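Construct the complete structure from the given sequences, taking the supplied hints into account.
This is what each chain is made of:
Protein chains: 2
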Amino acid sequence: MMQCLPIFAEMITISQRGAQMPSSPIRKLAAFADAAKKEGVKVYHLNIGQPDIETPSIMMEAVKHADLKVLEYTDSAGILSFRKKLATYYVTKGIDVSYEDILITIGGSEGILFAFMACLDAGDEIIVPEPFYANYIGFAMAAGIKIIPITSSIESGFALPPIASFKEKITHRTKGIFICNPNNPTGYVYSESELLQIRDLIKEKDLYLFSDEAYTEFSYEGKVKSTLTLTGVEDRVIMIDTFSKKYSACGARIGALVTKNKSVIEAVMKFSQARLSPPTLEQIAAEAALSLPTSYFDETRAEYKNRREVLINRLSKMEGVFCPAPSGAFYVMAKLPVDNTDTFCQWLLTNFRYKNATVMLAPGSGFYTTPGLGTNEVRLAYVLNETAIHEAMDCLEQALKAYPNRQV
Amino acid sequence: MMQCLPIFAEMITISQRGAQMPSSPIRKLAAFADAAKKEGVKVYHLNIGQPDIETPSIMMEAVKHADLKVLEYTDSAGILSFRKKLATYYVTKGIDVSYEDILITIGGSEGILFAFMACLDAGDEIIVPEPFYANYIGFAMAAGIKIIPITSSIESGFALPPIASFKEKITHRTKGIFICNPNNPTGYVYSESELLQIRDLIKEKDLYLFSDEAYTEFSYEGKVKSTLTLTGVEDRVIMIDTFSKKYSACGARIGALVTKNKSVIEAVMKFSQARLSPPTLEQIAAEAALSLPTSYFDETRAEYKNRREVLINRLSKMEGVFCPAPSGAFYVMAKLPVDNTDTFCQWLLTNFRYKNATVMLAPGSGFYTTPGLGTNEVRLAYVLNETAIHEAMDCLEQALKAYPNRQV
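Same order as they appear, the protein sequences are chains A and B. Using my numbering, you'd call the opening residue of the first sequence number 5 and step up by one each time. Using my numbering, you'd call the opening residue of the second sequence number 5 and step up by one each time.
Be aware that one or more of the hints could be misleading.
Copies of the same chain are indistinguishable here, so a pair counts whether it falls within one copy or spans any two.
[Unchecked claim] As a list, the in silico BS3-like pairs of lysine-lysine whose alpha-carbon atoms are at most 27 Å apart: (1) LYS89 x LYS73; (2) LYS68 x LYS89; (3) LYS266 x LYS32; (4) LYS88 x LYS46.
It should be emphasised that the hints constitute simulated quantities derived from the structure, not laboratory data. Predicted model, so just to flag it, every value in this text is computed and none were measured.
Right, here's the structure in full:
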């Protein structure tokens with residue numbers, strides 16, 4: 005008999021969910037970008053929704069003047085005065101909620117995970133129009149639930165697929181529909197008529213409506229209708245918000261879960277208590293942001309609108325590139341004349357240089373769960389200033405000409 | 005045919021896990037404490053591990069001088085320089101790790117959840133000596149895993165139960181053992197011999213060892229041995245750390261998951277990427293804390309040691325009260341001469357006043373999963389200064405005399 009202890013010690017395996025969990029398409033190429041930067045190459049980050057717009061100084065000032073002797077836990081629901089101010093912000097936007105309908109979360113990310121935990125059991129299903137924000141897969145995997153995709157197409161500008169196609173996917177395990185409005189990654193803004201169709205469907209089929217409204221302040225052709233204003237389904241709507249994008253404060257990790265459904269609030273509160281509280285300093289910063297005048301959003305919106313035009317204009321002039329002109333958020337999905345955008349995006353970082361620079365994009369496949377879809381699409385975030393966008397587009401234009409596996 | 009839409013709309017149900025999720029025993033009486041405070045009553049909070057010790061000023065100073073134009077996401081693994089400094093901190097404590105073995109998490113809470121997600125699948129079991137930190141139940145429920153308790157008793161000072169009793173509980177679904185050392189809520193510090201027994205068991209039975217070492221700097225009769233120094237099981241140990249208690253910075257929500265198991269690091273990294281990054285400002289604060297000299301811990305340890313003596317001394321003089329003298333963390337479990345500590349702790353907040361003050365304690369039952377256990381125990385956190393502890397103990401002493409359902 006042989007003893008093989010060291011090998012035996014190596015045998016312990018990780019979980020199936022740990023193994024199956026996908027890498028973030030937005031971050032999985034980060035090591036290649038780091039390597040390029042180490043060589044002194046400039047990398048234009050259009051892969052991630054990390055805006056270069058300055059965080060309002062009022063936020064950091066609030067932290068500097070907080071004068072805390074002890075950096076204490078806050079209430080698990082979030083700082084009370086902060087929740088009250090956030091309720092007022094929603095009311096001014098025509099959304100009738102009180103602070104009791106609001107729980108502060110650690111980014112929109114935690115809000116989504118808590119919504120899944122509180123409303124769905126392992127094995128339950130939600131229907132999500134694809135392409136969708138890739139991290140939903142991670143939260144679904146963590147919660148043990150299944151995402152059933154309904155494909156929207158780049159050719160139709162990623163409009164809501166017909167309601168009949170939702171109905172076809174509904175099983176006895178379907179518990180909700182999940183939308184992101186304005187949409188990440190497509191930039192599509194759902195029309196009032198589309199939202200009313202979804203409302204009727206969730207009412208008819210006894211479903212929840214989960215709505216990620218992270219980009220609600222970034223709509224360039226009119227206001228976005230919040231799902232919280234849909235009538236007759238008040239206790240079916242769980243809205244997820246975040247301070248990351250609105251105030252260019254992604255590192256704050258402050259979001260909110262908002263719902264009129266008291267049972268959901270109570271259940272989420274128990275998950276909130278288990279993790280004790282959201283970060284204290286960032287809550288102070290976020291509360292201060294709510295004192296900004298609405299002109300703050302007018303300015304940032306105008307800035308993004310301009311960037312969008314620059315980006316779309318440049319993309320549409322590139323041979324073989326197709327992209328719709330989305331009306332919200334700060335993302336564009338574009339179809340590129342390449343064999344496979346996973347390979348292409350990696351090649352951009354490892355092999356391509358133009359004026360000692362290159363561009364980082366998020367491969368499209370990670371935003372779809374239907375196999376084979378999105379393989380010639382990329383997501384571009386217009387989070388850099390106009391000059392940087394031009395320079396990044398110069399890189400992309402040259403890269404598409406130089407790429408050995410270009411397709412017509 | 006009647007239409008009953010409003011009632012139909014009320015029918016949507018929350019998840020089973022949302023319904024079954026227990027409320028935190030540490031926080032569930034918060035509403036009663038708030039009501040007492042509104043009446044102008046002073047409430048001594050011995051229910052929660054929220055120290056009154058000042059957060060080191062170096063932490064807030066680092067945030068004030070960070071001079072960030074944009075509050076950006078950090079790397080999902082945490083700020084690189086911070087991870088490197090944290091590795092150095094462990095090395096000075098005799099723990100041989102590199103920054104690549106460390107992922108920064110949103111508090112110890114997230115570290116535990118991520119460890120469960122990466123190592124265990126839904127339905128898997130872990131064995132945990134009880135009483136244990138109540139929020140483990142919440143993380144286990146979120147991860148869909150089962151906690152199998154092994155009872156340690158107050159009479160034996162909550163020492164590790166015999167290894168034979170662990171073996172009896174092992175099934176084909178058992179994937180790990182979870183300890184907290186020094187222990188919350190008991191204050192017990194595992195001896196080297198106990199840790200070696202656990203090591204041999206996890207090796208023999210092919211298990212993970214999850215170790216919550218939040219209180220490692222608070223050991224009053226000698227150093228604590230980290231599970232990361234156990235030889236022959238390097239890739240089975242997942243250590244969870246936090247900055248909350250060490251630096252009296254609970255609101256920072258900064259912790260770490262540390263393991264030499266590369267597959268676990270890779271899997272946890274995918275869950276980390278899904279939630280983007282830990283809070284930026286608090287990481288800056290935590291990194292600064294690592295510059296403190298070791299004398300910082302000597303001072304705080306001396307302060308807690310004194311508080312422990314005051315608390316134990318007062319409790320041991322109360323008729324019918326029994327508590328062991330624990331050698332670590334800043335908690336004591338005590339047996340009280342009352343019918344039920346859930347009722348008693350609520351009564352303290354709603355009915356009892358002494359010099360217009362009362363004391364808040366955490367009922368013991370929430371720290372056990374075996375039904376019926378801990379019902380005459382409470383957890384007390386000695387996180388207040390000596391004077392406040394004396395005043396809180398005056399309240400408890402009087403309350404035990406006045407309580408109508410006192411048992412002999």
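> Checking against the hints above, which ones are violated?
Replying inline: Violated hints: none at all, because every hint is consistent with the structure.
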